[in-house]
Amino acid sequence: MATTPPDQSRFIQDITIRNFKCFEELKIEGCGQFNLILGDNNVGKTSVLEALLVDENPYRMLDALHQLLDVRGLADPPARKAKDDMIFRNLVEFFTNRRYPEQPIFIEIGFRHGRMKSPVTVALKQVNQLSKVLRLAFSEAGGTGRYAIYFSSWIREDAIDLGGDGTWDADYGDPHHFIPASLFPDDELAASYSHLLKRTDDQERLLRALQEFAPDVRRVEIASDEKLGPYLIVRLATLDLPIALEMMGEGTRKLFRILLETVAAQDDRLMIDEIDAGIHYSRFATLWRTTLLAAIANNVQLFITTHNNECLRALAQVLETEEFAPYRAECRAFTLRRLPDGSTKAYQRDFEHAMENDYEIRGGQL
Amino acid sequence: MSIVRIFVEGTADERFLRELMEDCCGDADWQRVKFQILKGKDNLLARKHWQGLTSYFAEVTDAGGTNLVILDADGSWRDRQTELAAFRADTNVAFESFLLPDDHQPGELEDLLFAAVPAENQPILTCFDGMVECLMAGEKPFRIPDVKEKKVYVYLDIVLPDEKIKREKTQPPNRDFRGAAHWNLSAAGLERLRAFLQRHLLPTP
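Chains A and B supply the protein sequences, listed in that same order. Note that numbering that gives the first Met the number 0 has the first sequence beginning at 0, numbered continuously upward. Note that numbering that gives the first Met the number 0 has the second sequence beginning at 0, numbered continuously upward.
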């Protein structure tokens, strides 16, 4: 029986970013299902991943940006409430290009397979006092200003007033999934794992992959605590008592996280910053194989950064195997470079060709 | 000096050009000269690779630098020129090219090396050619594969002093062209290539 091909209409084809963090303007065209974002330090790789949190639902996008602030300790996560407009001030200051702080953030996405591209524009700007520098406006407003997320597409254009108290509802789906480079809290993993328990294939794949990193692992379970809520425990062959996931090594936890987030991001996209961080080089092939298989099984588009050449080589080796032959053309690499005029440009590479012929695609000094 | 990226066919080309550049472009900023080995000219001239190559040329141009393409002319200088022109027109990338040995005649890197053999050592090459002719002239001709490369190896085997690392020194990435009595980098046959490199590597007065 013929299987229905996965719906990839929501996969991103092109993205244009303006006035977002370090970018005055950046265009990335021709994305595949697996996308590598490469480049020197401070060229904006992570910012590209963050820009991909753009969403037609302004609350969903706001929540995603809010979570990024939370990772940096710049937000109050549980309340989704701004204290003295801190969230909005930080949103604007953190995500707006500092050279043109009065200009709105503009992110436009073209999706794959559309009869027409569906541009989604999100402009983060203040409702009033548009002509003033936002930083000053915040100061003048004394915490009473009103802010809005502007949302427009080819269907409609709207501005959603967030109100003066800086709160917004959380009644919508999860934001797009983003795995930061640094150590992350595991407190939400139990909820993600409960999704995975419904999917036997993914669960088994996760266990096999974990066993390659930590051969002792026999099972992962959800435990519960009155104060802590649900949390994950790991049963090991060599120990009678289970241990908390947090006690496992960083590499194991990272792989676990990637797998869970991939399942949770089904039919959507997943951004992974510095995929190689915390992983031993000998495990890179396992990491890639597991990640790609999960992305294929769950129809997830990946955007991944790395600086690591061994990591890229391992990906090339994995893609060379027969198992991934149908997906080789889906792997794209984009090298970000800062040009002499201060702008940034993304150069699309033929990943297979580059690896075969030893081209340097990680950016850095020419 | 802004960045200069030089696309060459292989490690033998890179080694020879590095040595020649150091000889004729002493004031160049070597940190800004980068080689990209194509692993054969087809990796640039075959149309299927053009899209993949474009970004490497563009990033140099965008940075205010220069791309140089130095390939063998092989059997027809004109045919190679036509292929390079098609690559340029199709991809819109900017580069300057030089086809070995002298951007004028058919030939390869090895022809340039033979031109750099000092007059007193030319009899080695003449005798080698005689041997090849002899092998081909019999009732059953014997052909030597990659005869020009073999000729270089034989030449170095004869002129290099006997020492433990002699074999290594005949290998393309280890060949020492500068300051060696068995190479003359100022020979007339290298003049056009020297001028090309000087034009692109030396600071403009």
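Hints are computed from structural coordinates only; laboratory data are not their basis. Quantities reported herein were computed from a predicted structural model and do not represent experimental measurements. Idealized CB from N, CA, C, for every residue including glycine. Please note that the accuracy of each hint is not assured.
[To be verified] Quick list of simulated restraints, FRET-style, between CB atoms: (1) B:Pro172 <-> A:Ile242: 17 to 27 Å; (2) B:Asp89 <-> A:Arg217: 55 to 65 Å; (3) B:Asp89 <-> A:Pro4: 26 to 36 Å; (4) A:Gln210 <-> B:Lys163: 45 to 55 Å; (5) B:Ile143 <-> A:Gly341: 24 to 34 Å; (6) A:Asp340 <-> B:Gln104: 40 to 50 Å; (7) B:Gln197 <-> A:Arg361: 30 to 40 Å; (8) A:Ala213 <-> B:Asp28: 43 to 53 Å; (9) A:Asp357 <-> B:Ile143: 52 to 62 Å.
Now the hints, each set against the structure:
no. : hint                              : result
1   : B:Pro172 <-> A:Ile242: 17 to 27 Å : violated (52 Å)
2   : B:Asp89 <-> A:Arg217: 55 to 65 Å  : holds (58 Å)
3   : B:Asp89 <-> A:Pro4: 26 to 36 Å    : holds (33 Å)
4   : A:Gln210 <-> B:Lys163: 45 to 55 Å : holds (50 Å)
5   : B:Ile143 <-> A:Gly341: 24 to 34 Å : violated (57 Å)
6   : A:Asp340 <-> B:Gln104: 40 to 50 Å : holds (42 Å)
7   : B:Gln197 <-> A:Arg361: 30 to 40 Å : holds (32 Å)
8   : A:Ala213 <-> B:Asp28: 43 to 53 Å  : holds (50 Å)
9   : A:Asp357 <-> B:Ile143: 52 to 62 Å : violated (31 Å)
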